[in-house]
Structures are given as C-alpha cells and as structure tokens.
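K.L.:
With chain A's structure known, arrange chain B on it following the hints.
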Amino acid sequence: MTMTAGAATSSPRKGADATLDRVLADLGAITGMAVAVFDEDGREIAGVPPVADSGQWNAETVEVPIVVSGLDVGRVRVRAHGGDRDAVIQAESVARLAASFVEGRAQAEREQHAMAAELDAMADELLARYEEITTLSQLGEALGAVFEPKEICRISLQRAQLATGAQSGLVALSETDVLSTEAGAEDAAAVAAARCAVRTRRQVLLHEGESPETGAESEVAAGGPLLAVPLVPMTGGEVDAPLGALVVGRPPGAGRFTAGDAKLATSIAMQVASAIRSSRLIASLREAERVQHEIEIAADVQRALLPGSPPTLAGLELSGRCVPATNVGGDLYDHVLDRSGGLWLLIADVAGHSIGSALIMAMARTVLRREIADGRSPTEVLAATNETLYADLDASGLFITVFCGRLDLATGDFTYASGGQNPPLLRRASGELVELDADGMPAGFLPTIQYEEKKLRLSAGDLVVLYTDGVVEAEGTDGTLFGEDRLRNVVEKSGDAPASSVVGAIFEGLDQHGGHQADDVTLLAARWGDPI
Amino acid sequence: MSRLTRILVVDDEPHILRMLKVLLSKHGYDVTVAIDGGDGLQRVRADRPDIVVLDANMPVFDGYELCRRIRDDESLSPQPYVLMLTAGGQAKDAEKAATAGVDEFMTKPFSPVQFAARLAEIQAGRA
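Chains as they are written, first to last, in the working numbering: chain A, 1 to 532; chain B, 1001 to 1127.
Chain A on its own, in the form it takes in the complex (with noise of 0.2 Å):
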C-alpha cells in the first residue's frame, strides 16, 4: 500500500505515489506554477516540476499547512508567478487545492486503517471464542467416557494446558478441606494458588515473582507466571463449593497469562468440575447398588435360616412366620425334635435389624441348635448360648432376647426358660390365658447368666403363642400400639381354630391396626391335640 504523505506512518519516496504524481501534473499544467508535497521531515514526496533544488523556492513561494485529524503532517508549496497580490492569492489557492486532495485522501486512510484494525480486533475476538468453543467441544468428547476422577484431571490439565499455551500444571481435588494433587506437578507456587483459587472461589492470575495471598504460603512466589481457576460446577443458579482447582503455568520469562486465558480455563474448570460430580455420583450409586445387592444376598441367606415347613407329629399342629421390618431382620423362631422325644419351640429376637444383627441371629441358631442336640435343658441351653455368644455381643453392642421350651410329645410337659423375650401366651382349651413368664436376662448383657426353669402340662386343645415384640410395638395409623391386649382378645378369641389360623388372624389384626412396620413381626404357635 502506498502512503500519501498525509498518513506519514511510513517514509514515502518521491514518485511512489502515482495519483498523487498524476493530480500535481495537471494541476501544473493548468496553472503553470510549481507544486510540491513534503512530509512532515521536510523531505519532498510528490511535484512538479521535480524541483529538488531548494533555490527554486524564494520569496514568491506559498506554504500550506496538510493537517489531518488536527495534526500537522506535511507542507504544500506553491510558487507564484509573481510577487504581486493576486499571484499570491493564487498560488494559495492552488496550495489548499492540493493540501485538501492530500488531506482527504489521508484522512480515508486512516478511517480505513482504523476500520481493518477493527476487523482485525474482532477477528481475534472470533478466534478466541473459536478456540473456546473447540477446546470445550473436544474436552467434552474426551471426558464422555472417563468416570475415574484421576484419569478425567489428567485429561482436563492437558486439554488446559494446550489451550492456555502452558508448559506445566496440575489439577487439586479438595476432600474434606484437604487439597489433594490429581494431576500435573506439585509445584509449591502451584499448589498455593490452587489453594488462594479454592478458598477465594475466584481465578487467581499471578505475575512472575508474585505471590498469592494465602497467609501460611504467602512467602510462595511464582517461579513463571500462573493462572488458577476454582473447579466449580455448572448449577441451576446455587453456587455449589469447589470440587477443587486447575492450575496452569509458563516457563519464567514467559509472556503472562490474559483474561482470556483466565475465561478459557474457567470454562474448562467448570467442564470439568461437572464430570467430577458426576463421576462421584455414579460412584456412590455404583456403591449404594453393591450394598443393596449383597442386603439382598443376606436376606435369601437369613430367610433360608428359617425352617421349613413343620413336622407333621401326630397330635400337635404347628405354624409360624417371620416378617422382617427390613431387607434383613433380627428375628427368628425355629422347632426342633431331640433325639428323646422332645419338640423345641424357640423365637429370639436380636437388637437392630442391620446385616450385623442377621449375622448375630444367624450364630445364635447355630449355636441353639448345638445346645439342643447336646441333650440340654432349656435353662442350660439359654445359659450356654450365652457364654457362647457373649464376646460377640459384648463386642457388637448387641444382645438377644430368646424363649426355649421342650414340649414332651409323650406326656404334654412343656419345659421352659426365657431371657428377657415377651413371655408367650397359653391359651388352656377352657379358654383361660397363661403367660409363660421365666426370669432370665437376655443373652449379652452379663458373661455368665443363671435362667429360671419352668414347667407345665399340656392338656387337649391347649394353644401356645410364641411372640416377638415387634407385634405388641407395632405402631398404627393413629399413633397407638397394636398392644398386649389386642394380641390376648385375638387369642382369647381362637377357640379351637388351627395354629396356622391364628397366626394368620394375628397378621390379620396388625394388617387392620396398619401404619408402617417399623420393627420385624415374628410368631410361632402351637396347637396340642390328643397325645398318642
């Protein structure tokens, strides 16, 4: 591009301007005067006739001031044909002829330089956002399938890295106030402006040499320049705390970091903070899955613990049911025939419903059922279950209430022992109500327990209901218990319906008294006939 003299940006030569050549030559030939430009350092550009010698110019000469933008730029000069008045006049007037060519040419210039530098400052704009709006693209591309937080730090840091043109970095998740290095170099500078990042909630842009304000790190100084930016995710509106901080830095004597880059690597942090929610997300559902997966394990295992169905004995009706509260119950009842034919009638029911609680249930029917084939009393069977299990229990923070009685199936003795268990109900066939009370702790509170033995007779007809407390506690729509009252009536009220009618009529009451079952529901009852 050629430059007028009024732009004077540049040195023009003489003849470089072929316009300008062209308009002073005619405007020579029209007026037979000698026009010349000359820029600002005096040096000719343009005129004719070419007239290098200065002698040319005397006292007849007119001087014409080529202002642009309020800024002298140039001279126009004109010599005259003469000395006198109206040749002067005249030549002035050619003067501020070519002066205002030059004048307006070098003022559309200059409105056209300053339009293409404006193109030109949007045109970098448009590749700042370009460059964005890519590396976000591909960020987001790259980040689709990577769920591990190490491996999501790692990608994000370079992807920063190479956008924000940095040679080094790292990436800090925060956990519990502590800022852990994911990705990238612990450089102590980096490190502290991660930190400043974090606990200010703001990018932190630091010169060479500088140092962020961290308090304990303020003696830290940036060996190259630094920018960090807190790792904050993309909310509805609520700004949730950092999930941490990305650093990135140059090399010292390297060109600073811009706002730019500061607006780059704040998209990119909050792209990335958003796949470090996400992923931790995934992880506890992924979690949450496996704990309800193997619950549910638990429960097949503790359901298969109860028995079966009852023995069919002559003489004796039996039937009972166990409804945990949750997946897994602390509940559990069991019927056993010893070798000296006794049937055993047991229901425990273990603190808590938790998988610890099943656990402990699962041991105490083992051990139970040891006892039990041992050849034990009732009272011995309670007391060494006890000291079986006591560790455990004491250990756990867990204990036991459990009933036991042998029922004699030749006789109709029934032989019991209870720690701490809801004492159950015998209703006679004349339609009186016992409860079978023993004393005794429940097993877990103390190592060594001593149990009372108890023992009666059961006569024709006579209907015994072993029971947990998560049926007189089980709480109804309006607030009250399903009570001990309730459970007699219903007893009361059997005649000599089957066992398995009553406990379905039992699980009918609690049904009727509804409300959530907040504790596991278990009942074991047994109706004796005629002994053989």
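Calculated from the structure, these hints are not laboratory results. On a predicted model such as this, the values are computed, not experimentally measured, just so you know. Don't be surprised by glycine CBs; every beta carbon is placed ideally from N, CA and C. Any given hint could turn out to be false.
[Unchecked claim] Which bits of chain A does chain B cover? Going by a derived footprint, with three or more residues having C-beta under 8 Å, they are: (1) 129-138; (2) 156-165.
[As the list claims (entries may be wrong)] Okay, derived cross-link-like pairs now, DSSO-like style, lysine-lysine, Cα gap no bigger than 30 Å in a straight line: (3) B:K1108 to B:K1096; (4) A:K493 to A:K455; (5) B:K1026 to B:K1108; (6) B:K1092 to A:K263; (7) B:K1021 to B:K1108; (8) B:K1108 to B:K1092; (9) A:K263 to B:K1108; (10) A:K263 to B:K1096; (11) A:K263 to A:K150.
P.N.:
Here is chain B on its own, set in the frame of chain A:
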C-alpha cells in the same frame, strides 16, 4: 537469512479468511489470501507460498481441484505443502483429498492454538 514462511489461505468464507490471516500473521507468517479456487491458483503462481491452506468447498473450482492443478503445474517447484480444511471430515473426504494430492486433512471446527502449533511443526519439517 531466509524469508518468512509464506502461507496462502484460500477460503470463500470472508470471516474464516480474516480470522486465519490474523491468526497466522500474529504467529509471524507472511500471509496472502484468495477467495476461490481460480483466485487461489493465480495467487499460488504469483506468490509461490510454502504452505497452502485451502477450504474443500469453494466456488469456481473446489479445494480438491485447486490442489490437483497445483500438483499438475510443473512450474511450481518446490511444491507447496497443502493443508485442507473441511467441515465434513468423513473418511471418504480424506481419501478424496489424498488422491487430489493434499498433504494433510483437518476438520472444522479446529482449535486455532492447535492449528498454529501444527503449522509450526510443518514449517520446522520443511526448514
């Protein structure tokens, strides 16, 4: 001292053209531009660029044809490095580009930073 690496950018989108010109000028290249295949061929012959960055789809004749004509022109020696930019970026386009004599195929959108970095590599390779 060797002259600046000269890059010719051929694209019918004025804003892409301006953007690339600003980007590459900032990175110290001597940049000339052309707005279609025909214009592009004239500029290649006149300016003798070291690298030609061309769009795939352009009026008069497209980027593939422009590249073929550059390759067929024996007066152009040494031949420029030809980098094609395309919005499509499918496998068959890349194949077509390779057949036309394109050295490198890049898809839009591209990262300006990565683009400049790649050009620096190409420049280093040709030095």
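K.L.:
All hints are to be evaluated individually against the structure, with a verdict given for each.
P.N.:
Here is what the structure says about each hint:
no.: 1; hint: 129-138; in the structure: holds (count 7)
no.: 2; hint: 156-165; in the structure: holds (count 3)
no.: 3; hint: B:K1108 to B:K1096; in the structure: holds, 17 Å
no.: 4; hint: A:K493 to A:K455; in the structure: holds, 25 Å
no.: 5; hint: B:K1026 to B:K1108; in the structure: holds, 20 Å
no.: 6; hint: B:K1092 to A:K263; in the structure: violated, 37 Å
no.: 7; hint: B:K1021 to B:K1108; in the structure: holds, 16 Å
no.: 8; hint: B:K1108 to B:K1092; in the structure: holds, 16 Å
no.: 9; hint: A:K263 to B:K1108; in the structure: holds, 22 Å
no.: 10; hint: A:K263 to B:K1096; in the structure: violated, 39 Å
no.: 11; hint: A:K263 to A:K150; in the structure: holds, 24 Å
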